[in-house]
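All chains should be modelled from the sequences, with the hints used to inform the complete structure.
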Amino acid sequence: MRDATPVLTYHDVRKLFGNFVALDGVSMEVSRREVICLIGPSGSGKSTLLRCTNGLELLHGGEIRLDGIPLPRDPRGMRAVRQRMGMVFQSFELFPHRTALANVMSGPVTVLGLSRRDAEARAMALLHKVGLADKAASYPANLSGGQQQRVAIARALAMEPEVMLFDEPTSALDPETIGEVLNVMKQLAEEGMTMIVVTHEMTFARRVAHRVVVFERGQIIEQGPPAQIFDAPLVDRTRSFLNHLGWAA
Amino acid sequence: MDIDISPILESWRFLLSGLEITLLLSLLTVFCSLLLGTAVGLARCYGPAWLRVPLVFYIDSMRAVPVLVVLVWTYFALPIGTGLSLPPFWAALAALSLHIAAYVAEIIRAGVSSVRPGQTRAALALGMSRAQLIREIILPQAIVRMLPAFGSILSITIKDTAIATVIAVPEYMNHSQTLAGQSFRPIEVFVLAAIVYFIILFPITRGVDMLYRRVAHLGRS
Amino acid sequence: MKLDWSVVTAHAGDLAQGTALTVLMAVLTMALAVPGGIILALLRLSGSRVLSGLSASFTDLFRNLPLILVIYAAYYILPLALDLQFSPFTTGLIALALNVSAYNSETFRAGIASIRRGQGEAALALGMSRWQAMREVILPQATRRVLPVLASTWVSLFKDTSLVSVISVGELAYTAMRIRSQTFRVLEMLTAMAAIYWALGYPQAKLVDWLNRKYGITE
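Those protein sequences? They're chains A, B and C, same order as listed.
Heads up, the first sequence stops at 249 in my numbering, and the numbers go up one at a time, no gaps.
Heads up, the second sequence stops at 470 in my numbering, and the numbers go up one at a time, no gaps.
Heads up, the third sequence stops at 689 in my numbering, and the numbers go up one at a time, no gaps.
Everything labelled a hint here was simulated from the structure, so no lab data went into it.
Please note that the accuracy of each hint is not assured.
Below, computed lysine to any residue pairings styled on SDA-like, alpha-carbon distance capped at 20 Å [claimed, not checked]: (1) K676(C) <-> Y307(B); (2) K684(C) <-> E162(A); (3) K676(C) <-> A359(B); (4) K472(C) <-> A326(B); (5) K684(C) <-> A359(B); (6) K129(A) <-> E162(A); (7) K676(C) <-> V625(C); (8) K676(C) <-> R301(B); (9) K676(C) <-> C294(B); (10) K684(C) <-> P96(A); (11) K676(C) <-> V619(C); (12) K684(C) <-> E355(B).
Set out below in structure tokens:
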């Protein structure tokens with residue numbers, strides 16, 4: 001079921017913000033069709049790693065490879081890489097001056113150069129997939145947080161990415177709407193999408209992830225299947241982090 | 250193109266006297282317009298309804314009519330209409346103060362209305378009088394927000410004094426024009442004028458920009 | 471002393487022409503100064519130190535000079551410096567356009583900077599180039615933000631067109647004052663001039679207020 005070929009490899013990745021060490025030698029691999037959840041305290045580097053993956057942040061050391069090829073540093077090369085990855089943001093970042101449909105069409109029309117008709121067909125299918133076909137003509141201001149985030153997921157999927165990056169997708173949502181977004185993500189996982197998810201939703205990680213990676217202070221302190229991390233962590237600091245969240249291990 | 254700054258060197262005292270008038274007129278205008286504008290602004294916000302209408306009319310009228318028009322009317326038409334004949338400097342002071350006071354009044358209004366209404370309710374609920382409310386709660390909070398705008402009043406005033414040349418006020422622009430005409434060296438004279446005004450205005454504008462940045466820090470609720 | 475208001479109606483045609491020229495001057499200036507302001511803002515926000523510095527210097531210069539000085543300077547210096555003879559109208563237009571572009575550049579710069587970083591990142595994450603992100607996502611939103619400020623700038627510009635009268639451009643102020651000199655009806659003409667500016671400017675100011683209420687920051 002899961003491909004053995006790593007689609008992404010991180011080798012000794014380092015990143016600084018001024019004097020602050022955000023990533024301190026992170027190494028890991030992501031295989032195709034794998035769902036990885038990154039967990040850990042705030043500021044531990046999870047989001048930074050995600051943003052380095054699609055070039056929104058540049059590395060200070062180490063290497064990230066996509067399909068064996070190191071990420072380019074020039075803008076053109078980086079743009080080509082970004083087309084192969086989709087990103088979903090904590091603050092949704094829908095374009096407020098466009099309808100939901102137009103938002104989802106943004107990538108295909110502007111970046112891929114699809115005709116408006118083809119882009120619209122693709123966008124409507126995706127809105128249907130995330131359960132918001134009836135909101136196609138609505139503006140983000142008239143959508144709930146959960147609805148906006150689902151549109152954002154559709155927008156990212158419209159580029160037909162190979163990897164989906166989720167940066168705390170539900171952290172800004174009301175409890176009632178978290179479920180609808182997690183369901184969409186679960187469905188994506190079941191369809192075999194390669195996903196890297198930074199999240200605090202431990203239940204989601206436990207149920208959907210193939211592997212959980214625990215970050216602390218810019219380093220990976222433990223990684224493994226959910227059963228290991230949540231039920232029998234090998235590292236004490238993992239256990240105390242989860243206890244701190246009310247997750248007895 | 251040959252450059253000859255000797256006329257400037259010969260007449261530097263003449264130019265300097267113009268600069269003195271510019272600065273004097275600017276400072277007096279700022280003073281008068283702050284006084285008048287604050288009174289009008291507060292009266293407009295807190296005064297009785299019958300006063301509000303003419304005050305708003307005055308403020309909006311000054312926003313609609315150019316400075317040049319007010320200057321020229323005050324100097325040429327006022328004497329005919331009312332018999333009150335003002336010498337150029339005082340006509341300019343009156344016209345500029347009247348015009349800029351309207352801006353000041355608007356700044357006051359914007360500053361006062363930027364303070365959350367809950368503050369007023371809380372103060373009144375404590376039993377404060379209106380005067381106490383304004384003095385102790387509203388103005389202190391509003392002043393910080395208004396500071397940058399007040400700074401730009403100084404800058405606007407100095408620039409507007411240059412327009413007073415059209416009613417023969419002997420300020421710097423006027424003296425520059427005279428010198429340019431007599432010496433046939435407009436480029437040198439006007440370039441110098443640009444430098445002089447820039448040196449005066451740039452620090453003020455920069456200061457205001459920095460103030461805006463500091464105040465934006467305080468932000469909205 | 472006797473007032474004769476008929477002089478105003480007698481010259482209504484001239485005054486109308488002057489008014490038309492005022493409006494034309496303002497419209498043409500904005501037509502130049504809005505794209506001018508956008509270009510300057512983009513230069514200012516570009517990565518290049520040189521371009522950014524040039525744009526900032528231009529803006530700083532024209533924000534710190536009295537407009538009447540710029541007008542006189544343009545009138546005397548342009549012919550000598552460029553060896554070209556511009557009409558007073560064109561000279562006035564150039565001076566106004568330079569002045570207003572500088573103010574617009576600040577307006578657009580602030581408007582663009584006020585758009586949340588995440589919007590740009592979301593656009594880049596989709597694979598857009600920086601220019602595509604600017605064109606499709608940032609600028610459309612910034613335009614909404616700057617609308618009230620631009621309207622305010624327009625009202626100021628409309629009043630500032632009166633200053634080109636000093637170089638004999640036949641707009642409203644020049645026309646009214648010319649008629650005053652010819653007919654010696656000082657109070658009547660100057661009051662008529664003020665009244666016409668008032669009649670044009672008052673509704674514009676109210677429009678700006680309305681725009682501020684409608685498009686004011688609603689984050």
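Structure-based check of each hint:
Only pairs whose Cα atoms come within 20 Å are accepted, and K676(C) paired with Y307(B) is accepted, the gap being roughly 13 Å. The suggested pairing of K684(C) with E162(A) is violated, with an alpha-carbon distance near 43 Å, which exceeds 20 Å. A distance of roughly 15 Å separates the Cα atoms of K676(C) and A359(B); the hinted pair therefore holds under the 20 Å criterion. Distance restraint check for K472(C) and A326(B): the Cα-Cα separation of roughly 14 Å lies within the 20 Å cut-off, and the hinted pair is therefore satisfied.
Between K684(C) and A359(B), the direct Cα distance comes to roughly 16 Å. Compliance with the 20 Å bound is thereby established for this hinted pair. Annotation: proposed proximity of K129(A) to E162(A) holds, straight-line Cα distance about 18 Å (limit 20 Å). Between K676(C) and V625(C) the CA atoms are separated by roughly 10 Å; this keeps the pair inside 20 Å, and the hint holds. For the given pair, K676(C) sits about 16 Å from R301(B) by alpha-carbon distance, which is consistent with the 20 Å threshold.
Between K676(C) and C294(B) the CA atoms are separated by roughly 18 Å; this keeps the pair inside 20 Å, and the hint holds. About 17 Å separates the Cα atoms of K684(C) and P96(A), which keeps this hinted pair within 20 Å; it holds. Between the alpha carbons of K676(C) and V619(C) the distance comes to roughly 14 Å, so the proposed pair stays at or under 20 Å and holds. Proposed proximity of K684(C) and E355(B) is supported: the alpha carbons are some 18 Å apart, at most 20 Å.
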